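Going line by line, the protein sequences match chains A and B. For any residue, its number in the numbering used here is found by taking its place in the first sequence, counting from 1, and adding 227. For any residue, its number in the numbering used here is found by taking its place in the second sequence, counting from 1, and adding 227.
Since the hints were made in silico from the structure, they are not lab data. All values derive from a computational prediction rather than experimental measurement. Careful: at least some of the hints might be erroneous.
[What the hints assert, rightly or not] The calculated BS3-like cross-link candidates involving lysine-lysine, where the alpha carbons are at most 27 Å apart (straight line), are:
#1 B:Lys525 - A:Lys330
#2 A:Lys332 - B:Lys287
#3 B:Lys551 - A:Lys330
#4 A:Lys481 - B:Lys481
#5 A:Lys528 - B:Lys330
#6 B:Lys287 - A:Lys330
#7 B:Lys449 - A:Lys551
#8 A:Lys314 - A:Lys287
#9 B:Lys330 - A:Lys314
#10 B:Lys232 - A:Lys525
#11 B:Lys551 - A:Lys481
#12 A:Lys287 - B:Lys287
#13 A:Lys314 - B:Lys287
#14 B:Lys449 - A:Lys330
#15 A:Lys481 - A:Lys449
#16 B:Lys330 - A:Lys287
#17 B:Lys481 - A:Lys551
[Claimed, not checked] Looking from chain A toward chain B, a few residues come up when the C-beta cut is under 8 Å (computed):
#18 Arg306
#19 Gln315
#20 Arg318
#21 Pro496
#22 Met497
#23 Leu500
#24 Phe502
The beta carbon of each residue, even a glycine, is placed where N, CA and C say it ideally should be.
2 protein chains.
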Amino acid sequence: MATIKDVAAEAGVSVATVSRVLNGKGYVHEETLMRVREAIEKLNYSPNEVARSLFKRESKLVGLLLPDITNPFFPELARGVEDELQKQGFRLLFGNSDEDPEKEKAYIDTFLQNQVVGLISATQAFSQLNDERPAIPTVLLDRTHEGSYTVYADGIEGGRIVARELVNRGSHNITVLKGPGHIQPVQDRFLGAVEVLASSNVNFQVIQMASLTYEEAEQRAKELFSQYPDTDGIFASNDITAAAVLHEALRIGKSIPDDVQIIGFDDIPMSRLLFPALSTIRQPVYEMGQQAAQLLLKLIKKEQVIEQNIQLPVSFIERNTTRKVKRNG
Amino acid sequence: MATIKDVAAEAGVSVATVSRVLNGKGYVHEETLMRVREAIEKLNYSPNEVARSLFKRESKLVGLLLPDITNPFFPELARGVEDELQKQGFRLLFGNSDEDPEKEKAYIDTFLQNQVVGLISATQAFSQLNDERPAIPTVLLDRTHEGSYTVYADGIEGGRIVARELVNRGSHNITVLKGPGHIQPVQDRFLGAVEVLASSNVNFQVIQMASLTYEEAEQRAKELFSQYPDTDGIFASNDITAAAVLHEALRIGKSIPDDVQIIGFDDIPMSRLLFPALSTIRQPVYEMGQQAAQLLLKLIKKEQVIEQNIQLPVSFIERNTTRKVKRNG
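So that you can see chain A by itself, here it is in the shape it has in the complex (with noise of 0.2 Å):
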């Protein structure tokens, strides 16, 4: 049987050169390339590994889909599955596919053409494709869907703090901005807020957005102070949202916390620097990213995968939106 060393004689190269050539990686010159590939074929070296490594380079490819980077949520989970990836020299081919199902499938084909080895999708339309998924390693970022590797943050429990807070701080007329119902976190939190408000004795009230982008939450925040000019306590389903939110609010001259206590979801990085600076529930977003970068790597390698759905704790960040409760009595 062939080694290595007989194919790299054969070729009158070194072993190094050979062992380029099998593993597509490094600069071969082609005549070089052209040698070696006769020297392996005549000496009928390991032939399905070889033509493997000649035709099918495995990549050190891994595609990103999110639904949009410009949305501030999204740049931090982005950032921690790069890092994680930069850490074992994989890297990013990276794609906003706007949630439209058609652009979505765009991006996974051509993601496919240039020989991805696996997938991390933060979009729901890719939850949503089911028998058309590629047939490569995927792990779903802040996103769940049946029987799929995910990682994501625990929505209920972060709904439920939010409504416990906004409750045990005094408020007892709520208002609850609740997102798009076909974003599966986005419900989460919603159905943690409701359990809790429905168990508890204060009036609420649900306003439906159709997303959680600038211009729809400036839109609802006017909306809100003339629907219902009497709420003391708001959850506003994503931090721009509590941004927008806060801003009518003090436009019309509300207090803040005083008449309205007002609570966020995400704690993007400016959330501290609105004024007053914005409490709000801590996704651990950057953690999210590498923890599924490390999801998609185990694999890729074909390691062994102990939890296949892994759902991170969330925390609440408590500033200057709410109103200080004494602690123990």
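Using the hints, position chain B against chain A.
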């Protein structure tokens, strides 16, 4: 001389299949690939072109180097690049170098290993690589460097506008928070401002910042008002810094814009949600990304390029951190 039809006949496959093999596009079974290659060799069909197609696939990948996508200026820049590339079937490989030259080189190396056909860099470290730059089409974005292809906004004029607006709206004691001097567009906005301030009848002072990050912005904002309690006009160099300054001013009881006027730079999406909404200089960020992608694609396709350096205009966005002036009497 053999034709593609001869190759197809010899290999017992369709012309389309041979074409797929030659172009390295679409799915071809390994055995078929072998047969086509054998036929090509046997008939001696345009061997150099073939070798090139088989072993050096032309990718449709472009590398994008950013300092840090979590700085809210960059996501929109990246979207502009991506959306334009996508229209023409190109995809983005993407890396954040944190302006670390080692990380920068590591990214460039792996971009090249993955056969990117062009590069867009928004990092300063890249501008300074000089001889170590890769020999592929490259465009600098939001950065300038002699002899390079560049797309950037008119920072000098931006700086002039800020100084003029502060002075015309009544500030007499102006503080300039100056970003890192080695970043050319940041230096430009400073130079533009100083040019106007120096010829105006006002006092001004300069605070040097080592970065334009959230952390430093918060720290400098606190120092600013203890060091210069009587300042009545602030040019904050970017919107994050402006947000930190606004926060601190309100925290210590200043009335904005009556006591202090504040102008930022960039017009990130969050700026209009601050309260009072931030007056700032708008850079056409998304358009800058698009134009960089268009320029790069021209270079890749060896089309004629008329402008090597594309400078886009900036504009003053008047919101509520500056006083109102009566126009035309």
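Does the structure break any of the earlier hints, and which numbers would those be? When the structure is compared with the hints, numbers 3, 10, 14 and 19 turn out to be violated.
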